[in-house]
Amino acid sequence: MSEKEQAFIQIRKISKHFGDVIAVNKVDLDIKKGELFSILGASGSGKTTLLRMMAGLEMPTEGKIFIDGIDMTNVPPYKRPVNIMFQNYALFPHMTVFDNIAYGLKKEGQTKDLIEEKVKRMLSLVKLEGYDGRKPNQLSGGQSQRVALARSLIKEPKVLLLDEPLAALDKKLRQSTQFELMDIQDELGVTFVIVTHDQEEAMTLSDRIAVMEEGEFVQIGTPNSIYEHPNSKFVADFIGNINMFDAKVLGTNVQELTLDCKALGGEIKIQNPDQTIHSSEFSVALRPEKVIIEKQQPSDEDHYYVKGVVEDFGYFGNLSIFRVRTTSGDIIQVSKQNRMRIEDSITWEDEVYLSWVRESLILLDN
Amino acid sequence: MSGLLINVDNSFRERLWKNLIIAIPYFWLLLFFLAPFLIVLKISLADPIIAQPPFTPLFQDSVDGSISIYTTFDNYLFLFQDSLYLVTYLSSVKLAFISTVLALLIGYPIAYGIARSPQPTRNILLLLVVIPFWISFLLRVYAWMGILKTKGLLNGLLLWTGIIDQPLELLYTDTAVYIGMIYSYLPFMILPLYANLEKLDIRLLEAASDLGAKRWEVFKDVTLPLSIPGIIAGCCLMFIPAIGEYVIPTLLGGADTLMIGRVLFDEFFLNRDWPVASAVAIVLVLLLVLPIVYFQKRQNQELLSES
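Residue numbers (my numbering), protein chains in the order written: chain B, 183 to 548; chain Y, 102 to 408.
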């Protein structure tokens, strides 16, 4: 590996035990310079512990952390080129916005003029000009979030760690802030490592995502690869909605796998499966938006289809979600974009045909 | 229509309850604080006489049958003419102040340690802080006499270990009073400090550390300023009773330990000069009201800035 290609953050076999509990279990991770990397997991998955170890707030039980090629494993937090933005922000309540943001520079012993200039620039970056005299309790949730961001960026860290950065904001604000975060990251070129339990947040923000469960990574990849090519039932289920059905292997040849899946109409063939074949029991998964729902019988030969009856129906404006009971008795969830204002609407108790292209099927090892 | 009437009735009843509940502490203070205070104030404005009770009544029957009110400020003037009282007030303030500062220096690390210890240990440590209250205050002060006297436990220990070769003169000195005061009032310092430090958000300390603050800087920049309400509460809870303390200076202090509580006692029981004793008490109350008002103001500011 050449000097340039070497990962910016290298985590090697890192573990953290709290008594008998193993929060993080021998994790390896490489994060590139300037990357926007998310660690996604449910609460208790060990993601925050991992982040805290990168910040130096938690000492690993074993393993090493390198940042920019330097061993940081035993370096105290105040000497690391890393800053963290805490969940709920942890702004100093007794200091003004200015003093909060300036804190890191003051500890560096910078001159007053330089501090003032840099804080001003930060305030304009996070669009909070004129708020410098306020106290944290006079700020809204969104403003507090921006102050916290400015405070953690002012020392120009090599890596910014963000612990659930958007969790405390309401939905509308979350969306706009997401894009602002991406803009700021783009502008400063800082490596962002985000910890979140919100899969939507991770999908939109990140260059790459690591899905974490019980202290280990289950899958690491781009949002697209994790969504479209999940490597396990856990990841498929955790990211987005999905239909999953049991299937039995009928036969394999070099490039094709034949399965029997009762819920999806019997015999199905999967070309070039992502997974190598270990067992005869599989799950076949299908994302709701990959299913076409219509009242007429589909004619295209490339499509598989099953027949069913609409049992439940939800209208969300931009899309509608159907739960269809197939003739085999299984439930398939379907989402449909409402492209036309006036449509031949499908509703409760309608007989429908569900179809999909072969490539939409995801094969998951049991 | 009838529904509306019931509503009105309910809200009226609710208001009545609310007022009743609020009235209870007011009534309590009126009965046990304001009324006695006014009685003492009345006595402080009377002349001492040899009678039962030993002071002139406020309302006096004149020869012509009408009732006149008799008051005098002689007792207050007397307090300012005789330098003993002023010196004693100042000495009381000094003793209480130094004890409070020392108790703060001792109590803060203890409170901090308790607040930072794991939950089960924390409860045991808090219990240990409170346990002395199970024994009478008077007995505990007597116990200190046993420890501090010339042939007491402390001198015995120090002589035995060879640290000193002459017993220290401790009992009946100001030092003994300081020891007694700090010992007796330390829990009142520790508990409010603990209550404050226990609430402190650890993430604030982590944030400071993450932004480049070393351990002592984290303490100076974050922990200490955020614990000021606890410091004020603890200091008030200690300073106010300490300034009027009677038992400790009487039992542990020397003849030259001047504290206002002793002067008050002497005026009242030895000189039987109730009016002067009352005047001493009134001035003491005024002296104490100042820090309380300051404390209240701080607290209100705190509440305002939090809302």
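Because the hints were derived from the structure by calculation, they are not lab data.
Please note: incorrect hints may appear among the correct ones.
As the list claims (entries may be wrong) - Where chain B lies over chain Y, by a calculated footprint (3+ residues, C-beta under 8 Å):
1. 259-267
2. 281-294
Unchecked claim - Away from chain B, derived, C-beta distances all over 10 Å, residues of chain Y:
3. ASP165
4. SER184
5. PHE198
6. LEU254
7. TYR273
8. ASN297
9. ASP302
10. ALA314
11. GLN402
Said to hold, decoys possible - Taking CB as the label site, the calculated pair distances span:
12. B/GLU471 x Y/LYS300: 57 to 63 Å
13. B/GLN519 x Y/GLN400: 33 to 39 Å
14. B/ASP295 x Y/ASP357: 32 to 38 Å
Since the model is a prediction, treat every value here as computed from it, not as a measurement.
Glycine included, every Cβ here is placed at the ideal spot set by N, Cα and C.
(request) Check the non-interface label on Y/SER184: least C-beta distance to chain B beyond 10 Å or not. (result) holds, 44 Å
(message) Would the non-interface assignment of Y/LEU254 survive a Cβ cutoff of 10 Å against chain B?
(response) Non-interface label on Y/LEU254 holds, nearest chain B Cβ at 43 Å vs cutoff 10 Å.
(request) Could you say whether the range 33 to 39 Å given as a hint is met by the Cβ separation of B/GLN519 and Y/GLN400? (result) violated, 59 Å
(message) So Y/ASP165 supposedly isn't at the interface. Is its beta-carbon more than 10 Å from every beta-carbon in chain B?
(response) Given that every Cβ of chain B is farther than 10 Å from that of Y/ASP165, nearest at about 68 Å, it holds.
(message) Is 57 to 63 Å respected by the C-beta to C-beta distance linking B/GLU471 and Y/LYS300?
(response) violated, 48 Å
(request) Verify that the Cβ of Y/ASP302 lies farther than 10 Å from every Cβ atom of chain B, and report whether the claim holds or is violated. (result) violated, 7 Å
(message) A cut-off of 10 Å on Cβ-Cβ distance, and Y/ASN297 was said to be off the interface with chain B. Does that hold?
(response) Holds: least Cβ distance 13 Å, greater than 10 Å.
(request) Examine each Cβ of chain B, and state whether all of them lie more than 10 Å from the Cβ of Y/ALA314. (result) violated, 5 Å
(request) Evaluate the condition: distance from the CB of Y/GLN402 to the nearest CB of chain B exceeds 10 Å. (result) At about 12 Å from chain B, Y/GLN402 clears the 10 Å cut-off, so the statement holds.
(request) Count the residues of the region 259-267 of chain Y whose CB lies closer than 8 Å to any CB of chain B, then report whether that count reaches three. (result) violated (count 0)
(message) A range of 32 to 38 Å was offered for this pair. Does it hold for the Cβ distance of B/ASP295 and Y/ASP357?
(response) violated, 58 Å
(request) Run the C-beta distances from Y/TYR273 to all of chain B and say if the shortest one exceeds 10 Å. (result) The assertion about Y/TYR273 holds, with a minimum of 45 Å to chain B.
Comparing the model with each numbered hint stated earlier shows that hints 1, 2, 9, 10, 12, 13 and 14 do not hold.
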